[in-house]
Each structure stands twice: as structure tokens, then as C-alpha cells.
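Taken in order, these protein sequences are the chains called A and B. Read in numbering that gives the first Met the number 0, the first sequence has 89 at position 90, and its numbers run on one by one without any break. Read in numbering that gives the first Met the number 0, the second sequence has 3 at position 4, and its numbers run on one by one without any break.
The set of hints was computed from the structure by calculation and includes no laboratory data. As the structure is a computational prediction, the values presented were derived from the model and not from experiment. Note that the Cβ used here is the ideal one computed from N, Cα and C, for glycine as well. Accuracy of the hints is not assured; some may be wrong.
Computed footprint of chain B on chain A, listed as stretches where at least three residues anywhere in the stretch have a Cβ under 8 Å from a Cβ of chain B [claimed, not checked]:
id	region
1	234-245
2	258-268
3	305-317
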Amino acid sequence: MHTYTEKIQALAKDIIKQGKAEVVIGFKMGTIPMASNPFFAKNEEDTDKLIWSSTCGLNLANYLSNVKEIDGKIGIFAKGCDSRNIVTHIVENKIQRDKLHIIGVPCTGMVDKKKISLSFGEEITEFIEDNDTLIVKSATKEEKLNKAEFLRSNCETCTHRNPVIYDELISDLVEEQVIEDQFADVKKIEAMSSDEKWQFFDDLTANCIRCYACRNACPLCYCPTCFVDESGPQWVGKGQNDDDTKTFHYLRAYHCAGRCTDCGACEEACPMDIKVRNFTRKLNKDSFEFFNWEAGLDINQRPPLDTYQPDDPDDFIM
Amino acid sequence: MGNLLEHVGIEKERLHFSWISSAEATKFVDVVKEITEKVRALGPNKKLKKQYN
Chain A
0 MHTYTEKIQA LAKDIIKQGK AEVVIGFKMG TIPMASNPFF AKNEEDTDKL IWSSTCGLNL
60 ANYLSNVKEI DGKIGIFAKG CDSRNIVTHI VENKIQRDKL HIIGVPCTGM VDKKKISLSF
120 GEEITEFIED NDTLIVKSAT KEEKLNKAEF LRSNCETCTH RNPVIYDELI SDLVEEQVIE
180 DQFADVKKIE AMSSDEKWQF FDDLTANCIR CYACRNACPL CYCPTCFVDE SGPQWVGKGQ
240 NDDDTKTFHY LRAYHCAGRC TDCGACEEAC PMDIKVRNFT RKLNKDSFEF FNWEAGLDIN
300 QRPPLDTYQP DDPDDFIM
Chain B
0 MGNLLEHVGI EKERLHFSWI SSAEATKFVD VVKEITEKVR ALGPNKKLKK QYN
């Protein structure tokens, strides 16, 4: 059992008992090993089902997008990235700060489940976490893995492991990573020629089945009708055509410009293991370089694409 | 937007942004000429062009 789990259950129980919140959003155990499901704990018995592990990679801020039916306060467990998306929600007026009771969970990274499955080779029947060691079992073998080697790629380069906004904390803050080159992966693509880039993204999206899991897992994608679902006018074809698929990915990425916190929920949700972050990463890099902006750090700051400054870069206008 | 399109492999000379007032006819002509020359030099676009078949 992960060290946070007991604390989380106790804290959630306390919150519901004292009426600090009507519901607490966290994770519960999934039905297969290495799976965790987002879960709304509504009463004291429910809180016993809450868990915390390195498989809780989805972004809980996503569940704050449409919670108008909950009258009281909402408790929510938030890792560094979740908390940044909560800030983004507050900035975008999706939810009011005083409606939330945020329990910060300092994070040491989430694991890449697909990477573990691939390296293990067999069907995993049990997955146990012991601090930095992951114990993976199948019917015939057992392996001990070092968690640091199996982090998700966005967790490897994460510099905001601690929550940026919270009412209480589950444990002491953890040490932040120092990353020498935050955007090495983007620079690698930027160095390619136009045709190589085109080929790179062609290969990247080749397996996309247009299930929209990436969009659904993303806390930023809360439009009542997404542009890909719209039928009048129909902005983009709904089939498996390469160009339609790409149009979806490009535009979705662009809608996240200056808002994306690189939480990795899109890649976590993708059933075809497409590295969707390759699209949003470029926009994160541009936001950082042009506007010195990282999304979701301060509820009092307006995002760069929402404001005008006389010194905004404009070299692209001829 | 321009940067993202360039990032995914559309040649950056294909996409232009300009700010032209309705009173600036000559600027409009100059810009259109310049763009046409640049795009002609690149040849026809083959990317993000849906094939209906």
C-alpha cells in the first residue's frame, strides 16, 4: 500500500465528517493491476475506497469542469499538475476558488504503465509499490523495478511536483527537480527539415483511431460541443482520413496554447500509445520563450493569449 | 499558429500574416506579390490536402 493511501482515507473521512466538503474527488483501485479510477467519495464509507499510488496519472481537475449540480464545497486531491489545472479552471472562471477544498499531494512522478507492460513482457497479475521500487508479478515470474526508470516522460522533466494551490497538504513538500533543458525533445523536432517534420507527425498519428480519449481526459477540453463533434458546420471530417486526424490533433493542441500544464493525461488515456504531447509541447515551449509563461501557477495572472502587452512579439507580421 | 504549422512540417513561407488598412492599396499589392513569389518558389502544396477517392 502506498504511504499516502492511509493518510488520504483518514483526511477524506475527516473532511466529509466535518462538512468541509460535500464530496471528495480522488482515485480508487481499478479492476486490473496498475489501474486506478477517478472516484467521487460522497460519504464516510466511500472514503475507505480511496487510494493513492504511482498509477494515479489522470488529471482530477478534469472532473471540476461540469460540477454545477454539486451545491456544497468540493474536496479534491491534487498533484502538482492537477493543482495547476485547478488554477487554470479558476482563471478561466470554470469554478470559484471558494467552492473548493484542495488537498495538495506532493508527487514524485507517475509511472508509464505501457512502458512497464512492454518491458515485463508477460501479463501482469499483481503490481505492488514500495517507495521507489515497483514489484511486478505475473503467473510465472516476479520482477523488482526501479520507479525512476519507468516514470512517464512528462514526469521526468516535471519542475512543479508540489501543488501550487492548496488548503492542506498530505505530506511535506518534495524537492523539485532541476532540469537542464526543459524542451530538448521539441528542439530535436525543430531541427528537422519540413519534410522530415511532416513524416515524423505522419508516423506519430498513423495509429490514431479518433477515439478522442486524449480530449476527454484533458481538463482543458471542456467546450460543450467540441469542434470535431460539430456537424453544422462540419469543420473537420469524422473518419480515419490522415489529414482529418491531423487537423484534429493540430487544432486540439492549439486550443491548449498557453493553458497546457503538461500533465500527461492525454498520453495516459491514449489506447494506441500515441505521444500526443509532441503537439502541445511545442506550444508550451513558445509560451515560455515568448511570454515567459508557464500555465497555472498563479490565480491572479491572466494568460498571455488573453492579454495585450505593447511588447508582445510581432515579428511574424510582414 | 504559424509556429505550430511550421513545427508539424508546413513550410513557413506558405503562411503569412500582415496588417493592412483599407486605405493602403499599394501595401496590399506589394504584400500579395511578395507572397505569390515565395509560394511559387516552393511549388504546389502536398501536405494537409485531403484526397477524396
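Coverage of the region 234-245 of chain A by chain B (three or more Cβ within 8 Å): holds (count 5)
For the region 258-268 of chain A, count the residues whose Cβ lies under 8 Å from any Cβ of chain B; is that count three or more? Coverage by chain B is violated for the region 258-268 of chain A (0 residues, Cβ < 8 Å).
Coverage claim, chain B over the region 305-317 of chain A, checked by counting residues with Cβ within 8 Å (three needed): holds (count 3)
Checked against the numbered hints listed earlier, the structure breaks hint 2 alone; every other hint is satisfied.
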